[in-house]
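One line per chain: the protein sequences are U and X, in this order. In terms of my numbering, the first sequence is numbered consecutively and its last residue is 491. In terms of my numbering, the second sequence is numbered consecutively and its last residue is 706.
Don't read these hints as lab results, they were simulated from the structure. Take these hints with a grain of salt, some might be off.
As the list claims (entries may be wrong) - Below 25 Å or equal to it, Euclidean Cα-Cα: the simulated PhoX-like pairs (lysine-lysine) are: (1) Lys615/X x Lys213/U; (2) Lys153/U x Lys636/X; (3) Lys572/X x Lys151/U; (4) Lys151/U x Lys691/X; (5) Lys151/U x Lys615/X; (6) Lys691/X x Lys102/U; (7) Lys572/X x Lys153/U; (8) Lys705/X x Lys153/U; (9) Lys705/X x Lys691/X.
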Amino acid sequence: MGENLLYLLPAVPLVTALLSFVIRSYRIVEVVHVAGISGLALLSLGLVKSLLGGQTFFALDGMLYADGLTAILILLIGTVGFLSGFYSIGYMRHDLAHGEVKERDLSTYYGFYHLFLFTMILSAISNNIAILWAAVEATTLGSAFLVGFYKHKTSAEAAWKYVLICSVGLAFALYGTILTYSNAFSVVQDAHKAMLWTELIKMAHQLDPQMMKLAFVFILIGFGTKAGLVPMHTWLPDAHSEAPSPASALLSGVLLKCALFAMVRYYAIALQSVGSEFPQTLLLIFGLLSVGVAAFFILVQNDIKRKLAYSSVEHIGIIATGLGVGGPLGIFAAFLHTINHSITKSLLFCTTGNITMKYGTRDATKIRGMKKVAPLTGFLFAAGLIAVAGSPPFNIFISELMTLTAGLKSGLFWPMILLLLFLVIAFAALVILISETVLGSPPEDLPRGETNWMGLLPLGILFVFMAGLGIYLPAPLNQLLQDAVGVVLGH
Amino acid sequence: MSGTAVVNFLAVLLILTSMLVIETRRLRLAAYMYSLQSLVLVLIFLSLAIFMHAEPLYIWSFTALITKVFLVPWLIIRTLKKIGDQEGESAFKTSTTVLFAVFLVALSFAVANSFQTYAVVKVKIAMGVSIALFLLGLLCILTKKNALKQIFGYCLMENGSHLTLALLAYNAPETVEIGILTDAIFAVVIMLVIAGRLFKSFGTLDTDNYTLLKG
Chain U
1 MGENLLYLLP AVPLVTALLS FVIRSYRIVE VVHVAGISGL ALLSLGLVKS
51 LLGGQTFFAL DGMLYADGLT AILILLIGTV GFLSGFYSIG YMRHDLAHGE
101 VKERDLSTYY GFYHLFLFTM ILSAISNNIA ILWAAVEATT LGSAFLVGFY
151 KHKTSAEAAW KYVLICSVGL AFALYGTILT YSNAFSVVQD AHKAMLWTEL
201 IKMAHQLDPQ MMKLAFVFIL IGFGTKAGLV PMHTWLPDAH SEAPSPASAL
251 LSGVLLKCAL FAMVRYYAIA LQSVGSEFPQ TLLLIFGLLS VGVAAFFILV
301 QNDIKRKLAY SSVEHIGIIA TGLGVGGPLG IFAAFLHTIN HSITKSLLFC
351 TTGNITMKYG TRDATKIRGM KKVAPLTGFL FAAGLIAVAG SPPFNIFISE
401 LMTLTAGLKS GLFWPMILLL LFLVIAFAAL VILISETVLG SPPEDLPRGE
451 TNWMGLLPLG ILFVFMAGLG IYLPAPLNQL LQDAVGVVLG H
Chain X
492 MSGTAVVNFL AVLLILTSML VIETRRLRLA AYMYSLQSLV LVLIFLSLAI
542 FMHAEPLYIW SFTALITKVF LVPWLIIRTL KKIGDQEGES AFKTSTTVLF
592 AVFLVALSFA VANSFQTYAV VKVKIAMGVS IALFLLGLLC ILTKKNALKQ
642 IFGYCLMENG SHLTLALLAY NAPETVEIGI LTDAIFAVVI MLVIAGRLFK
692 SFGTLDTDNY TLLKG
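Please take these sequences and the hints and turn them into a complete structure.
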């Protein structure tokens, strides 16, 4: 059962993508698209369910593999892929009606949307570290079209920076991959085994620690570039703000985590091979740096989507900090934060889609009085911002608090004080944004009313998740997170 | 000449061709230089295959011949026909770039020297060159302002990691090389498409002009 899912999961988006590319009528493509995202969501939930309790599956001669870490990513790809995919329909119809895009572009959009999902799934289920690298690089190539989707000058510029910087960054990760492989090969003398993560983790304590340190640095730079860690993050605000909003939701909500989890695989090896101090210190430094730098940039941006993009850098920083704190609690907090941020950030990016449809701009100085113009959108936007700022009663508050607690328990007093300070700055920046855009008096000539129901339903569902996880952690999810922590710590 | 000497000699040729790619101002010529460099890379794969009995590298040299000596340069030249052949300004003078390059090559050999325990000990020079090639590509991306030149930089980096892969992991399953090479080619194709769009929108390939997105 689980093994078959490992074949079906990548097959569904791949087939959907191919169909979308060849079908010309966008009405039919929409039907195919809905079938594709629904199938993917069901299969994802099926796999996650069968993985609960520390189960693992192999397929394709050990090349494909699923465990607790995979489960988290698949859960995010399935749900966010479905919800922002559903949201895409209303959003793209609006763009079509307003002449932003042509009918033909819609088929291409859905085609690349599913190709992008396919590459992310592949990165989540790869056991072969070279294929893992290739899959992460392929996510860049698959999503580059989505970043440059609109025919604006700025989209081309963003796509250029995105592909160039990420490809160059990932070239470092390739070196890390090769170094790890040759390190393992000199231990086992078996080319097939030396490429498999499940074998690497078993022989981690036999690997040459000096070489593993070097490899981990390359991996951190490489996958860190793709995950948006400072100072390799410079492409991120451009790419995430220029993409169509539902694609931004997927880029910020899910893709960053795919790269981060690729790094977590090596983090797990490094913990056993070189001890906890080296990888944790590096992650703590990059994590805190990311939170700090991003907090200031959130404050000074005018474009709401750029603010949200920097907020993603901030939250990736928090996750890295959690990993840097380490131990069962720190890693648990990091994984919970991964899920919480995905939900909240996809909600926010999709909401900005509604806002730009309504106001025709992303400039925070021009968007006023959302409360009166589109009260539901305004409410969701405000709630999302409060959540992403780390305030109760929402989900992100819980995982941030957990990260801080874990850090203090590990004796990292000053780093945690620093983290808290940065979080306060980011909080202030986001609260200012609410007071300006949601409140205030709207432009006179703007017609009142929400955009369309298709643009609100997925947001409502995401809101329920966001609020729900703020007060209650369901037992299966808790189990899932515990499993993933077990994978990293080798229990 | 012994096998290792041949490999090491060819590897040094890679450094020379890299400098030619980086410093040639006419982009079409740079594309030919890149093609030449890839040919040297193919010869290295072949000699490693013969002298070190690394059989999988026969296949690698064939795929590299098709993709890197012919396909990628052809794709680049095809794009050049649409967007012009001249490079324009560079951030540094040639002499400064060469100085940097010398420093990077020295650095690479120092790094390669630390790989004591590995099979590469015999072809340490080639190992040093592979790292140098990677860094020279990075240097090209950082110091050149022309978008096409930056694509060349990426190609050099890619040749560098391809050689490292051949030295350290030639015995890896074939799927590995296919996966990595496919990505590399698609990356170049996509970069070329975007560069074409940039030229259309901005009327130039000078990346200093792409400043609409700031902060």
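Hint check: Lys691/X vs Lys102/U, CA-CA at most 25 Å. Holds or violated?
Distance of about 19 Å is within 25 Å: holds.
Is Lys153/U within 25 Å of Lys636/X, Cα to Cα?
holds (18 Å)
Given the hinted pair Lys615/X and Lys213/U, is their alpha-carbon gap at most 25 Å?
holds (21 Å)
Next pair to validate is Lys572/X with Lys151/U; report whether the Cα-Cα distance is within 25 Å.
holds (22 Å)
Against the 25 Å threshold, does the CA-CA distance of Lys705/X and Lys691/X hold or violate the hint?
holds (21 Å)
Quick one, are Lys151/U and Lys691/X close enough, alpha carbons at most 25 Å?
Holds. Lys151/U to Lys691/X sits at ~11 Å (cutoff 25 Å).
Is it true that the CA of Lys572/X sits at most 25 Å from the CA of Lys153/U?
holds (22 Å)
Checking one constraint from the list: CA of Lys705/X to CA of Lys153/U, max 25 Å. Satisfied?
Roughly 14 Å between the alpha carbons, so the hint for Lys705/X and Lys153/U holds.
Holds or violated: Lys151/U with Lys615/X, Cα cutoff 25 Å?
Measuring from Cα to Cα gives roughly 49 Å; hence the hint is violated.
The structure is inconsistent with hint 5 alone, although it conforms to all the rest.
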